[in-house]
Amino acid sequence: MKQREISRRSVLQGSLMASALAGTASYFGPWKENRVWAQGAAKPIKLGLTCDASGQYGNSGQDDLRGIQMAIDEANAKGGVLGRKITWITADTETTPATGSRLAERFITREDCTILIGAVHSGVANAITQVAAKNGVIYLNTNSSAPSEAGENCSRIKFVWDGNGTNFSKASVANAVNSIGKNWMLLTNDYVWGHTTSAATKAQVEGAGGKIVDNLLVPQNTRDFTAYLLKIQQAKPDVVATAVGGDDIKALREQVAQLKLDGKPAWINNQQDWPDVWGSPDSLFGVFGTTWYHKLALPGVADFVKKWQATNKEGSIPVPGNVSYNGYMATRELLRAIERAGSTNNVKIIKELENLKVSATDRMQHFDAYMDPVTHQMQQTIYLARRNPKPADKTDLYEIISWTEPKAVADTDAQAKCKLVPYEQVPTVDS
Amino acid sequence: MFDLLPHILNGLTLGLLFALIALGFMLIVGLMEQINLAHGSLFALGAYFAMQLMGPRPPFPADLAQSWLALPLGWRYAATLILAPAAVGLVGIAIEFCMRRTYGKDPLYGLLLTFGAAMVIEEMIRLTWGTRDYVLQVPQAVNGGFIFGDLIWSTYRFYAAGIAAAVIGLVWLLIEKTSFGATVKAGAHDSEIVRALGINLTRLRLLVFVFGTMLAAIAGIIVAPIWGIRPHMGVDAVIPAFLVIVLGGVGSFWGAVVAGLLVGLAVGLSGAYASEWSLLSMYVLLVAVVTFRARGLWGKKSVLEA
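These protein sequence lines are chains A and B, in that order.
So the first sequence is residues 55 to 485, counted in the numbering used here.
So the second sequence is residues 6 to 311, counted in the numbering used here.
Please keep in mind that the hints were generated in silico from the structure rather than gathered at the bench.
All residues carry an ideal CB built from backbone N, CA and C; glycine is no exception.
Among the hints, erroneous ones may be present.
To be verified - Listed next, the stretches of chain A that the computed footprint assigns to chain B, with coverage defined by at least 3 CB atoms under 8 Å from CB atoms of chain B: (1) 102–110; (2) 208–219; (3) 310–322; (4) 331–337; (5) 389–402.
As the list claims (entries may be wrong) - To give a feel for the contact side, a few chain A residues facing chain B, derived at Cβ under 7 Å: (6) Q116; (7) D244; (8) T280; (9) A281; (10) K304; (11) A305; (12) A364; (13) N366; (14) K367; (15) E368; (16) S370; (17) V373.
Just chain A, same shape as in the assembly (with noise of 0.2 Å):
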């Protein structure tokens, strides 16, 4: 019999095409529009985390995996949830819609995860709705605050957990324009979270009586400002409000803070994540918005903080933000929703969740917080800080100026943008 010889570039070619085959596969199925599993006792719940790892919310990501996992770990050391373990399934969602729309995907077909959680990125929160909703699996959006993910971009299946942009420029806005000056100047990171919330700010400041003089808008991946940084001089507006996340964020924050131009003019930075602040304290500057800190005075935050460093000593990050805390908070209400419901059909749960009120002291926040019906979205307390002149310690970061109560900042574009279907449209799913 011949022997057929195999060279090493037909192995190489074959790999190749596998790949190009398995990657294709992933892609186009196998589809279900309804998934019922035996209940069993036993069998446990298992959750699909849609956590960045790299890119621009790399960081961000792996924040927010450590808040969820954090939250898990506490329910299956009381015994689960309804008797049953919970386990979970992660990937890198890359900051990349594509791949996170793979992956949830992925999750959800292969390997059988009815629920799924994490998400920084609104583009990479809105594909991984699509394909949740088209199987009716629950999807808790828990850092993504693009305005749209509660307004146009809302679904039946998705919960978003953290302030948006709205929130953030109804807490902070008009009372720049009226104390600090009218000619403002946009930074808009370009894509769907920048886009929508420099749109609310400039509302508000139109609103209010300002003028927007430009927007500039910066590419994903934009490493170097120093363009954006002369054309700010040139044009000499009274306050510049950015809306620029992840790794953009820390490198403009570097480049500003290297220039001296962290004074004049007056900087409002929609909102900072915690990750994308530690590890350069030197170059926090302006006031920028927040859904919680670690030096809260409030019951409940040293226990929480404590906790959150027992179960991640090895971290690069010594205590929890405000990502890991919604990824924490959004985690830890889903398995109660499950509780509450005595089911894990996502129609139970979402009703659930829909009547979701938590209070202050058990979201160890200022204000009563709920799930509005309409949006989905966490109406919650928002903070206003800077940076913090006297720190009390390395991580005392910011100086928290102000906290308004969730009504005085509700997104009520959001509501009349947001269309639900109804319950019978969302497909079955039970765990």
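Take the given structure of chain A and dock chain B to it, following the hints.
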């Protein structure tokens, strides 16, 4: 017009940095006919090694570390500019050893090997330093800003552009005005004849590759204070480097330099006047040039061309 001048100046300084990033890549492509996809990772490694050397925990024994930290920042920075590229050069030696079996074969093998090396280096960076970003300390003399034409400019940016211009000049002198450069070019042109003349081609290739990796590391150190240091910074470097080489013409030294300047001008000017195009502009420039001149600005004429 006066509004435009700062942006032209910004574009030119940025262009010199792009040319510096592409320099090591160009050298290896031009003289060894190998596409080194690990260029970006070596660029990142240079920045990380420099950060480690400049940071509070240098990788030395305790006594030496103490003496090292007692040195003024400027001296440490100057020494780092030599030590970090030398350390990356050792990594370059390891990669070149692996590449030897691919010489003279389908370029795909070298390409796949360096792609694999890039993945390994990036993951090693993640494992060693984590996913967080770092800032590279620089001496006070080149930090901060200065006022020129009623605008505040970054001192470091002009320092970086100056270093880039100096390195470009030195590399040109080495290749064009020394017997080593002549031998290297001859080796790239006709390796058999060079070998027949008794020149150790294996060692020559090793030297060129290591030189290219050290240039990548120098670029990483120089660019790090502007871009920041993070695991995937190599990807941010290798794509423009590849683009600059293709735009300038594969193998052309001055083609790469001019292409770097053009890319810098395109990014700088679009950043000011059509900011949403600032990253895309370099690709538009590439398409525009390659459409009319497939071999790039100064690329050699292919035998397939009429």
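Open item on the list: Checking hints one by one. Is A305 of chain A an interface residue toward chain B, by the C-beta closer than 7 Å rule?
Closed with: holds, 5 Å
TODO: Check whether three or more residues of the segment 310–322 of chain A sit with their beta carbon closer than 8 Å to a beta carbon of chain B.
DONE: Since 4 is at least three, the answer is holds.
Task: Hint check: 7 Å Cβ-Cβ cutoff, D244 of chain A to chain B - done: This hint holds: D244 of chain A lies near chain B, its Cβ roughly 5 Å from the closest one there, short of 7 Å.
- [ ] Mind taking a look at whether chain B covers the segment 102–110 of chain A? Criterion is 3 or more residues with CB to CB distance under 8 Å.
- [x] That given contact holds, which follows from 3 residues of the segment 102–110 of chain A lying within Cβ reach (below 8 Å) of chain B.
Task: Proposed interface contact between K304 of chain A and chain B, which counts if any beta carbon pair is under 7 Å - done: holds, 6 Å
Task: Hinted contact K367 of chain A with chain B - closest CB pair below 7 Å - done: violated, 13 Å
- [ ] Using 7 Å as the Cβ threshold, decide whether V373 of chain A counts as touching chain B.
- [x] violated, 14 Å
- [ ] Count residues of the segment 331–337 of chain A with a Cβ under 8 Å from any Cβ of chain B, then say if the count reaches three.
- [x] Contact hint for the segment 331–337 of chain A vs chain B: holds, 3 residues under 8 Å.
- [ ] Under 7 Å, Cβ to Cβ, is where A281 of chain A needs to be relative to chain B, so tell me if that hint holds or is violated.
- [x] holds, 3 Å
- [ ] Double-check A364 of chain A for me: the hint is only fine if its C-beta lies closer than 7 Å to a C-beta in chain B.
- [x] Violated - the Cβ of A364 of chain A stays beyond 7 Å from chain B, reaching only about 19 Å at its closest.
- [ ] Grab the minimum C-beta distance from N366 of chain A to chain B and call the hint holds if it beats 7 Å, violated otherwise.
- [x] violated, 12 Å
Task: Coverage of the segment 389–402 of chain A by chain B (three or more Cβ within 8 Å) - done: violated (count 0)
Going through the hint list in order, the structure does not satisfy hints 2, 5, 12, 13, 14, 15 and 17.
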